[in-house]
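Here is what each chain is made of, one letter per residue.
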Amino acid sequence: MAGTYSVPVSEARGAVAIPSDIDATAVVIGYSSAGSGLSTSFGSGAAAVAARGYGDGVDCLCQIIEQKRSDGSSGNMIPAAMYTVPGSTAGAYGTLDDDAELGTAVVTTDATVHPYGTYEAQLKFMNNVVVGTTGGLLQWSLDGGRSWSTTTGLGTASTFTIPNSNVKFVFSPASADLTTLNTLINEIYTDLNAHVILTTGSVHGAADTADVVSDAEASDTATRIARVNALRAAYEAHRVKTSGGVHGSADNVHACTVGIAVDDSTALQLALELKRVINLHIVYTTSAVHGLADSTNTVTSSAPSMGTFLTGDIVSVPTTGPQPSSADVDAAFVALANSTADFRIVVCAFDLTASLFSHLSTGISALSNAGKEVTVLAQSRIPTTGEDDATWNASIAAAFPIGSKDNSAVILRTAYEFVTDAMTGRQYLRSDLAQFAAEVVRAPRSVMVCSPSDGAMQNVTLIDSTGATIGHDEGPRGASTGLSNDTLGNRFSCVERLASPARRETVYCTVPWTMYGANDRIRNLPTRRVCNAIKMAAREAAISQLGGKLAYNKTTRQLTRASVNAVHAVVFQAVSTPFKNDIENWADAAVDNGLVQVDPNVTVSGGNLLTFGVTVSPSMFGYTLSIPITLSIQQ
Amino acid sequence: MTIRRVERIGLDGTCISVTIGRTTIPFRKTSYGDKLETDAGSDMGSQQIDYRTRGTYTTDEFDGEIEEVNFREILQPLLKTDGFGNEHLPIVVSETHPQLGYDSDLLENFRFGAISNTYQNDNKVLVRSVKGTFDQLYLGEDRKTINQFDLTVPLGAPNF
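These protein sequences, in sequence, are chains A and B.
Just remember that the working numbering sits 15 ahead of the position in the first sequence, which is counted from 1.
Just remember that the working numbering sits 12 ahead of the position in the second sequence, which is counted from 1.
Looking at chain A on its own, in the form it has when it is part of the complex (with noise of 0.2 Å):
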C-alpha cells in the first residue's frame, strides 16, 4: 500500500443508473456465453457484456439497460439483472446460402460450434481470394447485410468465425477438386508406404515397417483427413530414422512445414506439401541418407486447387441461439425464489413453446411463495425461413389457446421486426422482446406501454429499406392479424401501425393482454403490475400484524371490531395514497366495502393459530379486482 491518499476518477457512459422504485426492476432469464446463476445488477451494458458475453440474454439484458432512443439518445438508464441458463438444446444454423456466390470454393457451417444467438450472419468477400493464401479481405454482418463490419484479413485460414457470436464458417474446395484430393492422398499413402520399407538396390538399409500407414481410403472430409495426418506423422518419424541402418543418416532438410490438418482446405495444403517433401526425400542420397534414389514411389497425382471466392461474393446463414430445457427453467426460477435479490418483472429471453409454458407457471408460484409477486414477459417463435406469417400466426394460435395456456402474470411478445440492438446499433430480425421489456421497465406501472398516449415504440420496425414489411403487423396493413383480438381467445402482445398518416410507418403496442383465463379480470399489463405492487405493499402491511395479539369472540369465532379496524387502517394507509394515481378506489376507506375489506370470521386450529382473511378490493379501468391475503397469527 503507497500509504497515499487519492481519489480516482473515471467517465462512466451515460447517466448514473438508479431505479426510482422497485416496480422497474427487471431479470433477464436467458443465455449468455461468460457466467452463469444470477447476476449483481448492471449500470450499464458495457458492465453486462464484459461479465456475460454475449447472446439473446445479454442483448435483452442491454436493451434494457440501456434505454437507447431511436434517434440515438439515452434515456435514463435503469439497472437489471440476469440469470444465465444453459444452452441445453444448442445454438444451430440454418440453411446456408451461397447462392450470391461466384467462386469455386465450398462453404458450410462448423457443426461443433455452436451460435450464441439469433442472427443472420454473412460475409461478403472484398476482393479475389484463393483460400489458404494471405491476401484475401472480407466483411461480415450479423443483421443480414443491414451494417457490415470493417475489412478484415482472411490471411491464410480456411475458416472464419464472426467474432462475439461463435458462428463459424468453413471454406473448403470445390467438389472437383475434393475428388482430385482424395486421389492423391490415396496414392501418396501407396507411394510413401512403398517407400518405407523398400530396401531393393539398398535405397534404405532396412525396412522401416513401424511407419506403414493403415487406415481407412480417402473418400471423405473426416477419412481425408485422418488419412493425411496419419502420412504427415509417418513420414516426418521416417526421414529421419536412422536406427536398424533404415537411414545413413537423418534427412533434416525435407521436413514438411505444414501443420495436421483441421478440414478440407488445411487437407488440401497438407496434401500438396507432402507430394512435395516426400518426391524430394524418397531420391535424396546426400549424406548417405539413402543408398539409392528411390525412383519408383514418385508422386505424381496431379494438384487439386483451394476454393476461391471473387470480390463482391456473399455466402449467409441464419442462426437461432441456445435454449433452456424446463429443467433449466425450473432451476432458474427456484434461484431467483431463494436469492435475496427483488424484482417485479422476469423477462424470459428464449422461445417459449407450449411444453414449457406450465413451467412458466410453476416458476411464479415459487416466486409468490418467497414474497415475489412478478410480471413475466415472455417471446414465441420467430417464423423459420420460408414460413410466411398466416402459417406463423396460426401456429403461434394454436400453440397457446385459452384455457389451456392460461397465467394472468404472463405477458407472451408474438412481435417480430427489426430491432436496433442499444449496444451495436445492429438492426436484428427478431422478437422484440428486448425492446418491450426496455419499454415496460421505464413506463410507470399503470400506463398502456407503447400505446399512442405513451408514445411510440423505440429502435423497431416493420419495413425494409425498400418499404416492404417484414414483420407481424396488427394493424390495417398487417398480411395476417388476430394475435391481439381476445375475442378470438387470442391474448398475445403484439404491434400495430396506424391508419395515420403523420405516423405511417411508426410502431406501437396493442392491448397488452395477459395470458389471462376465462374467469381472469387480471387482463392487461398495468393491472397486473398495479395488482401485484398493491400484493406487496398490502402484505408488507399486514406482516406487522404477525405475533400481535388479536381479540375474537370465542363463542362467535369473529374478531372483535377494534381488531378488525386496526387492521384494516394499517393495511389501507398501506394501498391507499401510495396508489392515488393507479386506482380509481384510493380513498374508498369504508371498513366493510371499502377498498380494504377484513373478514372478521376466525378459523382457529390446533395451538391456537388464528387465521383470517384480508381481501384489497382495487377498481381499475372501471373493473374491481379481489386480491385476498389470509393471516395466519399464532397466539
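Rather than coming from a laboratory, the hints here were simulated on the basis of the structure.
Every residue gets a Cβ at the ideal spot worked out from N, C-alpha and C, and that includes glycine.
Careful, some of the hints might be misleading.
[Claimed, not checked] Listed next, the in silico DSSO-like pairs over lysine-lysine satisfying Cα-Cα at most 30 Å (straight line): (1) A:Lys550 x B:Lys136; (2) B:Lys47 x A:Lys550; (3) B:Lys47 x B:Lys143.
[Stated by the list, open to error] Some chain A residues flagged as far from chain B (calculated, every beta-carbon gap over 10 Å): (4) Gly68; (5) Ser88; (6) Leu325; (7) Ala409.
[Said to hold, decoys possible] Restraint-style ranges between C-beta atoms, simulated for each label pair: (8) A:Gly504 x B:Thr93: 36 to 44 Å; (9) A:Ser620 x B:Val18: 33 to 41 Å; (10) B:Leu91 x A:Gly87: 49 to 57 Å; (11) A:Pro101 x B:Thr93: 45 to 53 Å; (12) B:Thr65 x A:Ser634: 28 to 36 Å; (13) A:Thr377 x B:Leu91: 40 to 48 Å; (14) B:Glu80 x A:Glu599: 45 to 53 Å; (15) A:Gly637 x B:Ser141: 41 to 49 Å.
Given chain A's structure and the hints, the job is docking chain B onto it.
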C-alpha cells in the same frame, strides 16, 4: 354507522379505545378534528354573504394525554430509536358498547409531533402530553370525509 340508541343509554369515556397501528394505547383523553376553511365575501351595497369559497381542508392537531407509566411501559417501547416523528401511522378511535354497538373514526397518516410533560411536587397522577398531526379524518365505519377527493364529480342529491 352501527351505533343505535337503546333504552336511553349513552356513551361515555369508558367506551373509547384508541389504537395506533395495531396497538391499543390507553390514553386518558384525546381530541382531534378537521375542518373546511372557507372564505366569504360581500359586494358593496350588499348586507349578505354573496359568495363563499369551497374552502381548503385542514386537520386539527391530535392532542392526547397518557398516564406516565402507560407511556413508559406501552407507548415508548414502540417508538423508533431514530426519527419516530417521521413515521406514518394510522389511528383508529373506536367507540364500543355491548348494547349500543360500535363505530370508529380513522386518522390517516398520523405523525408524532410533540411529546411533553410537566413535573411538579403534588399528588396528581403524572401524565404525558402526546400531540401530532394527521392528514385525513374519516368518520364512522363508512369512513366519511368532510372534504371531497374528486372535485370533478357532483355531490348528488342531499340525504337530509
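Quick rundown of the hints versus the structure:
no.: 1; hint: A:Lys550 x B:Lys136; result: violated (49 Å)
no.: 2; hint: B:Lys47 x A:Lys550; result: violated (33 Å)
no.: 3; hint: B:Lys47 x B:Lys143; result: holds (18 Å)
no.: 4; hint: Gly68; result: holds (45 Å)
no.: 5; hint: Ser88; result: holds (37 Å)
no.: 6; hint: Leu325; result: holds (73 Å)
no.: 7; hint: Ala409; result: holds (47 Å)
no.: 8; hint: A:Gly504 x B:Thr93: 36 to 44 Å; result: violated (57 Å)
no.: 9; hint: A:Ser620 x B:Val18: 33 to 41 Å; result: holds (36 Å)
no.: 10; hint: B:Leu91 x A:Gly87: 49 to 57 Å; result: holds (53 Å)
no.: 11; hint: A:Pro101 x B:Thr93: 45 to 53 Å; result: holds (48 Å)
no.: 12; hint: B:Thr65 x A:Ser634: 28 to 36 Å; result: holds (31 Å)
no.: 13; hint: A:Thr377 x B:Leu91: 40 to 48 Å; result: holds (44 Å)
no.: 14; hint: B:Glu80 x A:Glu599: 45 to 53 Å; result: holds (46 Å)
no.: 15; hint: A:Gly637 x B:Ser141: 41 to 49 Å; result: holds (48 Å)
Violated hints, listed in ascending order, are 1, 2 and 8; each of the other numbered hints is respected by the structure.
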